[in-house]
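Chains as they are written, first to last, in this note's numbering: chain A, 1 to 512; chain B, 1 to 339; chain C, 1 to 336.
Careful: at least some of the hints might be erroneous.
Derived pair list, reagent style DSS-like, types lysine-lysine, alpha-carbon separation capped at 30 Å [stated by the list, open to error]: (1) Lys-135(B) with Lys-118(A); (2) Lys-145(A) with Lys-118(A); (3) Lys-229(C) with Lys-336(A); (4) Lys-145(A) with Lys-128(A); (5) Lys-196(A) with Lys-17(A); (6) Lys-263(A) with Lys-450(A).
Derived, one-sided and incomplete: chain A residues facing chain C with beta-carbon distance under 10 Å [to be verified]: (7) Glu-269; (8) Gly-310; (9) Leu-311; (10) Ile-314; (11) Pro-331; (12) Lys-336; (13) Ser-348; (14) Gly-350; (15) Ala-352; (16) Ser-354; (17) Arg-355; (18) Ser-362; (19) Met-363; (20) Thr-364; (21) Val-376; (22) Gly-440.
Rather than coming from a laboratory, the hints here were simulated on the basis of the structure.
Cβ coordinates follow ideal geometry from the N, Cα and C atoms, glycine included.
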Amino acid sequence: MDTNTEATPTGPLLELKGISKRFTGVRALDRVDLDVRAGELHVLFGENGAGKSTLINVVAGTFPPDEGTFRFGGEEIRHLTPQRARAIGISPVFQEFSLVPSLTVEENLFLGREISSKGVLRAREMRKRAQALIGELGFDLDPSKRVDDLSRAHQQMAEIAKALLGRVRLLILDEPTASLTERETGRLFELIARLKSQNVGLIYVSHRLREIRALADRVTVLRDGRHIRTLDAAASTDSELVELMTGRKIDLLFPAIPHKPGKVLVDVENLTLVDGSVRDVNFHARAGEITGIAGLVGCGKSELIRAIYGLEPIAGGVVRIDGAPYEFAAPRRSLKHGVAYFPANRISEGLALSRPIRENASMTVLDLPSFARFGVLRQGAERTTIAAIMEQLQLRPPNIERIAGVLSGGNRQKVMLGRALTRDLTVFLFDEPSVGIDVGAKIEVYEFIKRLVEAGAAVIVVSSELPEVLALSNRLYVMHNGRIAAELTGADKTEQNVLASFFKNHLTAEVA
Amino acid sequence: MSTALTAAPPHTAAGLGRSIAGRIGFLPVLLVALVAGMSAIDAQFYGIINILNILRNASFLAIVACGQALVIIAGGFDLSVGAVVALASVVTAKTMAAVAATFPGNNTVIIASGVAAGLGCGFAVGLVNGLCVAKLKVSGFVVTLGTMSATAGVGLMITSGIPVYGMPEVFVKGFGRAQVFGLPTAVYVALAVVLVTMFAQRRTLFGRYVYAIGGNVEAAVVSGVSIQRHIVGTYAVSSVLAALTGILLTAQVGSGQASLGGDRMMLQSIAAAVIGGVSLRGGVGRVEIVTISALFLTILGNALNLLHIDSRLQPVFLGVIMVAAVALDELSQRRKSRV
Amino acid sequence: MSDVELSVTAKDSGYAKLLPRQWLWRAMLPIALLVLLFGFAAVDRGVLSPANLLNIAQQTSYLALFAMAQTVVILTRGFDLGLGPTVSMVSVGTALAMAGATATGHDTGTVLLAGLGAGFGLGIACGLFNGVVIAILGVSPFVATLGSYNIAIGVATTLSAGRPVQGVPKLFSQIFYGGSVLGVPAAIVITVAIGIVLHLMLTRTVFGRSLYIIGTNPRAAAVAGMPVKRVLVATYVLCSALAALGAIMMTARTGSGEPNLGGSLSLQAIAGAVVGGTSLAGGRGGVGTAVLGALFVTILSNGMNLTRIDGYVQMVVLGAIVIIGVLLDRLRLERR
Numbered sequence: 001m002d003t004n005t006e007a008t009p010t011g012p013l014l015e016l017k018g019i020s021k022r023f024t025g026v027r028a029l030d031r032v033d034l035d036v037r038a039g040e041l042h043v044l045f046g047e048n049g050a051g052k053s054t055l056i057n058v059v060a061g062t063f064p065p066d067e068g069t070f071r072f073g074g075e076e077i078r079h080l081t082p083q084r085a086r087a088i089g090i091s092p093v094f095q096e097f098s099l100v101p102s103l104t105v106e107e108n109l110f111l112g113r114e115i116s117s118k119g120v121l122r123a124r125e126m127r128k129r130a131q132a133l134i135g136e137l138g139f140d141l142d143p144s145k146r147v148d149d150l151s152r153a154h155q156q157m158a159e160i161a162k163a164l165l166g167r168v169r170l171l172i173l174d175e176p177t178a179s180l181t182e183r184e185t186g187r188l189f190e191l192i193a194r195l196k197s198q199n200v201g202l203i204y205v206s207h208r209l210r211e212i213r214a215l216a217d218r219v220t221v222l223r224d225g226r227h228i229r230t231l232d233a234a235a236s237t238d239s240e241l242v243e244l245m246t247g248r249k250i251d252l253l254f255p256a257i258p259h260k261p262g263k264v265l266v267d268v269e270n271l272t273l274v275d276g277s278v279r280d281v282n283f284h285a286r287a288g289e290i291t292g293i294a295g296l297v298g299c300g301k302s303e304l305i306r307a308i309y310g311l312e313p314i315a316g317g318v319v320r321i322d323g324a325p326y327e328f329a330a331p332r333r334s335l336k337h338g339v340a341y342f343p344a345n346r347i348s349e350g351l352a353l354s355r356p357i358r359e360n361a362s363m364t365v366l367d368l369p370s371f372a373r374f375g376v377l378r379q380g381a382e383r384t385t386i387a388a389i390m391e392q393l394q395l396r397p398p399n400i401e402r403i404a405g406v407l408s409g410g411n412r413q414k415v416m417l418g419r420a421l422t423r424d425l426t427v428f429l430f431d432e433p434s435v436g437i438d439v440g441a442k443i444e445v446y447e448f449i450k451r452l453v454e455a456g457a458a459v460i461v462v463s464s465e466l467p468e469v470l471a472l473s474n475r476l477y478v479m480h481n482g483r484i485a486a487e488l489t490g491a492d493k494t495e496q497n498v499l500a501s502f503f504k505n506h507l508t509a510e511v512a
Numbered sequence: 001m002s003t004a005l006t007a008a009p010p011h012t013a014a015g016l017g018r019s020i021a022g023r024i025g026f027l028p029v030l031l032v033a034l035v036a037g038m039s040a041i042d043a044q045f046y047g048i049i050n051i052l053n054i055l056r057n058a059s060f061l062a063i064v065a066c067g068q069a070l071v072i073i074a075g076g077f078d079l080s081v082g083a084v085v086a087l088a089s090v091v092t093a094k095t096m097a098a099v100a101a102t103f104p105g106n107n108t109v110i111i112a113s114g115v116a117a118g119l120g121c122g123f124a125v126g127l128v129n130g131l132c133v134a135k136l137k138v139s140g141f142v143v144t145l146g147t148m149s150a151t152a153g154v155g156l157m158i159t160s161g162i163p164v165y166g167m168p169e170v171f172v173k174g175f176g177r178a179q180v181f182g183l184p185t186a187v188y189v190a191l192a193v194v195l196v197t198m199f200a201q202r203r204t205l206f207g208r209y210v211y212a213i214g215g216n217v218e219a220a221v222v223s224g225v226s227i228q229r230h231i232v233g234t235y236a237v238s239s240v241l242a243a244l245t246g247i248l249l250t251a252q253v254g255s256g257q258a259s260l261g262g263d264r265m266m267l268q269s270i271a272a273a274v275i276g277g278v279s280l281r282g283g284v285g286r287v288e289i290v291t292i293s294a295l296f297l298t299i300l301g302n303a304l305n306l307l308h309i310d311s312r313l314q315p316v317f318l319g320v321i322m323v324a325a326v327a328l329d330e331l332s333q334r335r336k337s338r339v
Numbered sequence: 001m002s003d004v005e006l007s008v009t010a011k012d013s014g015y016a017k018l019l020p021r022q023w024l025w026r027a028m029l030p031i032a033l034l035v036l037l038f039g040f041a042a043v044d045r046g047v048l049s050p051a052n053l054l055n056i057a058q059q060t061s062y063l064a065l066f067a068m069a070q071t072v073v074i075l076t077r078g079f080d081l082g083l084g085p086t087v088s089m090v091s092v093g094t095a096l097a098m099a100g101a102t103a104t105g106h107d108t109g110t111v112l113l114a115g116l117g118a119g120f121g122l123g124i125a126c127g128l129f130n131g132v133v134i135a136i137l138g139v140s141p142f143v144a145t146l147g148s149y150n151i152a153i154g155v156a157t158t159l160s161a162g163r164p165v166q167g168v169p170k171l172f173s174q175i176f177y178g179g180s181v182l183g184v185p186a187a188i189v190i191t192v193a194i195g196i197v198l199h200l201m202l203t204r205t206v207f208g209r210s211l212y213i214i215g216t217n218p219r220a221a222a223v224a225g226m227p228v229k230r231v232l233v234a235t236y237v238l239c240s241a242l243a244a245l246g247a248i249m250m251t252a253r254t255g256s257g258e259p260n261l262g263g264s265l266s267l268q269a270i271a272g273a274v275v276g277g278t279s280l281a282g283g284r285g286g287v288g289t290a291v292l293g294a295l296f297v298t299i300l301s302n303g304m305n306l307t308r309i310d311g312y313v314q315m316v317v318l319g320a321i322v323i324i325g326v327l328l329d330r331l332r333l334e335r336r
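Just chain A, with the same shape it has in the complex:
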């Protein structure tokens, strides 16, 4: 790790003024200002879709801004490329890892800046440097392992190590703690403290208040691509930050959802998956109730509901739907049994982006006589039904012939939700329902879930967002490393208890 300790006596390390960026039809950034000082940890705070990712990509040189000025270390920077950014000391650690899965850790560390002579790689030297760096960082990472053989947390460590190889003056961290445990997060925070003392500037992207409290010197709040305000972390309150981020009062974020538990609709006993991501899980969900599952990214909560729906192979255990055992689960059969799944990744698993909204919404019901008879589509009926549903969900603009690809995240989720209204369903499995959605749409999603529960459905919500899953659930399971770490209801359902359960499980796992 090579940190440039020469202090810039005048002015900030990084200074962005009036940065705008447009993608086809979407204004991602609208005249945003940002300045970061050397030795400061500056948090970029905002909801998903606020423009945080776009802004840091501009800083890292991934693409140029449409307008605005960019000064680094006092100099004006134009035509920045990722390579040049790295050369001048800007090091990004992205959320979507920039690692090549089929290469090893050390090969990835040096990607783009290999040590070579005349085109031939000097592998031994790179291995030495890689090991030195990893040792310095205190990570338990094996440089000779292939990246796709690593756990998500280790992949993140590799990503961080990659960013710290070479000269670093400004480090950008994009939601780095999403998949780290308390202990690993603690180590990351230590590392950050060290970097600050070495006068490295840090941009830390997050939408979690805890981290701001622990780390930030200043906070810049973004919303809908605009710079809302920059504040001193110490001088701001939580509710002030949330209000700036969402544009709404904090207590209006989650609707009050009545709890009227009926019979058990989903019952899972000793479930273990073939790939081991879920182990010996006992779980149940009742009608008229929201059952939440919280946990870190990669803990197995998504896999659990995917297995119920039929997307993950089951090695052992029993799943019962409405009392009857459900074997050989498959999406088609699940739908017929009244179980629907709403995937976390709408782009890869949810929508066919170049097809019209109408076709996307009706994808799950083409087996029903109301939509097709003897294999022939009833296109008139389809159009009327889907249009009515989209109207009910307040899809704006309401044209259902537009292709799904031009819709915002919130509208895309509405198209997915539309599927809930096209057939008789009693169990709803939501996987990260509010990821990539702006605040307004989020509230509509929560309202929708509320209506489902009020109508007597069993709703299961899987979420990595602790505030969300705490507020929505009537009963909350916490998963860690593939097992249930806790089941919390009522007054026990607190953030502290959730976090405490990770730690406990971690300990017991080590002893075993």
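We have chain A already, so just place chains B and C on it with the hints.
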């Protein structure tokens, strides 16, 4: 994670077999089985003439397959290799004939210019392929579909379909049909190509970047790797190697022919790559295994001949075995990811 | 992660800005067709003669049918490399069956049925092989159809002993080639009829809808409960069945079962489909694009033949056309 393999030493022969197969894949096992089987069945199989024949043909295929493998690893496809083989053959022969007419007797110049012309046109086609894919962003499949037709056309145009004679004796008898230490020259060339490509893959910047681009092109871009340059590079290498094969074939056959290579060689090169572990998704593959695969395919064809399987039925066997090999690999991959 | 789809590898090559508006695009290929036709006519007036135009239409029928066959699987992100050999195999099989039935003294009706049964039977078997290997065993379309390519070639040459198979009854040739309906040659009638049926199927049935969705996002289709595997198998069966029909039509024309009838049809058909606007990435294309592409390629080669452009030069031109066609199509997408 992968401690399963080392933590529990296999107690049975089956367990040992499975763990070895898991590490190096099915192919070498199949190859050994094939060779052993054939040797037991037909004595002619391990006769010296047959072995030399196999080695020579495998060499030709291996050279083309190496280039194809590189292109596929980087995420592309080269359908034009067969046509390039033909074009190079024709161009080399024509050039040699023309230069021989101007500088009779000066064999070095004649051969050098012929080889240069052949490799040169291969390079040209590769450049066109690479630039279209990299700059125009059209898929490799389509671009090389087009250049395949165009290149074949050019080759036929130059010769009007007739073989081209007039190459120096020393080129044909002294090189193409010669043997060094009992092995055909083609084998040495192939060995050299495979070794150099292996080295390039493992130890050079170019090789590393080809894997990176094929494995995760966004990561490569963000890391500052020059995507365009490397894509052009892979297509250029592929075409030059195809041209090299064309030249070797010409030296062996004794004349330039537009019928060499062709669709058959192109399909075989891709089959060799795929069976040799190159993933059509990109980012994965090693040329040494591709070479074994080329050897396997050649021996397979040879075996079918020797077994007097009707030459007309042979493609059937080839087809079935190829699909079976890849399907088996798919299934074993699925099982691996479950551990 | 941001709401906005960040395109790190700028998919926009920048050339799209040079091109005209959206509506002009749809018309581009038909316009190009007419330009081509009249361009050739300027060199040789015979191009526009009724006889030649009929010839073009008839030639296009065959290629269009094969392009439609490829389009069906290309929609699902696949392709059939073995289409050519399938045609050869069907041709040989049909002729053999009919020769055999005639030899054993059956009446013409049964003979024809035997031929059609054998032909379509072989086609469907081929399609089943492809479909099962691809959808159920998970082998890539390239390898799977390369496998059936080899198998079909082997079967074709073995069954025919390498020589044309005689014994195709006159009635057969009459129905599928020589005859005409209201003066329109059989080949054209059949292709138009099939085209209409296929178009309806693609646009109005659940099966057709599945093709487009699976081609656009197979993962989403599976998660939504669509029977992806079943649909894929059916798709390859359909493709081979259409190829079989084309083979039967071509056999009727040659009057014998030819073990090399398919030649380089596989790639020609793909080229035709692609030039017409079918995207190899899946989810885009249809009967219209297949027919337009086939028409374009046929007019091109017809014109080049009549203006006596060297056969080898024609190959070069075809190659260039394929690249240009796909490039333009991709730019059209960007423009949207």
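Take a quick look at whether Lys-145(A) and Lys-118(A) sit within 30 Å of each other, Cα to Cα.
-> Holds, at roughly 26 Å.
Hint consistency between Lys-263(A) and Lys-450(A) [alpha-carbon to alpha-carbon, up to 30 Å] | holds, 18 Å
Val-376(A) as chain C interface residue, shortest Cβ-Cβ below 10 Å | Check passed: Cβ of Val-376(A) comes within 5 Å of chain C, closer than 10 Å.
Closer than 10 Å between Cβ atoms is the bar; does Gly-310(A) clear it against chain C? Give me holds or violated.
-> holds, 9 Å
When the nearest CB of chain C is found for Met-363(A), is that gap smaller than 10 Å?
-> holds, 4 Å
How about Gly-440(A): closest beta carbon in chain C under 10 Å, or not?
-> Cβ of Gly-440(A) sits 12 Å from chain C, so the hint is violated.
Per the CB criterion, is Gly-350(A) less than 10 Å away from chain C?
-> holds, 6 Å
Against chain C, run the beta carbon of Leu-311(A) and see if the smallest gap drops under 10 Å.
-> Holds - the Cβ of Leu-311(A) comes within 10 Å of chain C, reaching about 7 Å at its closest.
Hold the hint about Ser-354(A) up to the distance rule: shortest CB distance to chain C must be less than 10 Å.
-> holds, 5 Å
Keeping to a limit of 30 Å between CA atoms, is the pair of Lys-229(C) and Lys-336(A) held or broken?
-> Satisfied, since the Cα-Cα distance of roughly 18 Å is no more than 30 Å.
Restraint check, 10 Å cut-off on beta carbons, for Glu-269(A) near chain C | violated, 25 Å
30 Å Cα cutoff - pair Lys-145(A), Lys-128(A) = holds, 15 Å
Going through the hint list in order, the structure does not satisfy hints 7, 10 and 22.
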